[in-house]
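**Q** For the sequence shown, the working numbering gives the first residue as 1018, with consecutive numbering after it.
These aren't lab readings, by the way, just hints derived from the structure by calculation.
Any given hint could be a false lead.
Claimed, not checked - Restraint-style ranges between C-beta atoms, simulated for each label pair:
1) Tyr1172 with Trp1030: 27 to 35 Å
2) Gly1121 with Pro1166: 14 to 22 Å
3) Val1159 with Gln1089: 26 to 34 Å
4) Glu1032 with Ser1117: 27 to 35 Å
C-beta atoms are modelled at their ideal positions from N, C-alpha and C, and glycine is treated no differently.
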Amino acid sequence: MMLQFDNLPFTAWLESISIVLSLLFALVIKGYLLFILIGFMIYMTGLNDGFAKTLITIGVIIYFVGPFVISQLAQRYGATAPTVESAMNIWNALFNMSESDFIGTLILLGDMLMYVGLLAGAILYFVPSSNELKTRGQSLIVRSLMMFPVMSFFYITTLI
1018 MMLQFDNLPF TAWLESISIV LSLLFALVIK GYLLFILIGF MIYMTGLNDG FAKTLITIGV
1078 IIYFVGPFVI SQLAQRYGAT APTVESAMNI WNALFNMSES DFIGTLILLG DMLMYVGLLA
1138 GAILYFVPSS NELKTRGQSL IVRSLMMFPV MSFFYITTLI
């Protein structure tokens, strides 16, 4: 049994490519925040510094290089270049939440993690048990305080 692909209309191929490129464009213009904030959250907890730095780097690269790559792919395959409106429609269909709700959820999670890190670091630092716990508490406090300017930036951008 042979499948015949000759009967497929060429416009269906272009529409599918346009949808995929719109999805990628939505992830580029909105999804970079996910990489950056999760990277900072992982770095703040001290679980895996290398992975956290990799996530932050991927987020920054996606932010700067992503739109150019998407437009070049659209040009190469002859599809229509994705617009912000088509990307937002795909984003709303995929996540079923607006951009402000998505950023607000990420900020809420980052704040909770930052405050828990501050509290746990203060408990470890001020409870005199061992020198190792004191240095771990000091590290948690410093990393949580490093997260504060990042969270402040995201608070200010949501107000603008």
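**Q** That 27 to 35 Å hint for Tyr1172 and Trp1030 (C-beta), does it hold up?
**A** This hint is violated: roughly 44 Å between Cβ atoms.
**Q** 27 to 35 Å was suggested as the range; check whether the CB atoms of Glu1032 and Ser1117 agree with it.
**A** holds, 30 Å
**Q** Given a hint of 14 to 22 Å, does the C-beta separation of Gly1121 and Pro1166 actually sit inside it?
**A** With Cβ atoms ~19 Å apart, the hint holds.
**Q** Does 26 to 34 Å hold as the CB distance between Val1159 and Gln1089, or does it fail?
**A** For Gln1089 against Val1159, whose Cβ atoms are near 42 Å apart, the range 26 to 34 Å is violated.
The structure fails to meet hints 1, 3 from the earlier list, while all remaining hints are met.
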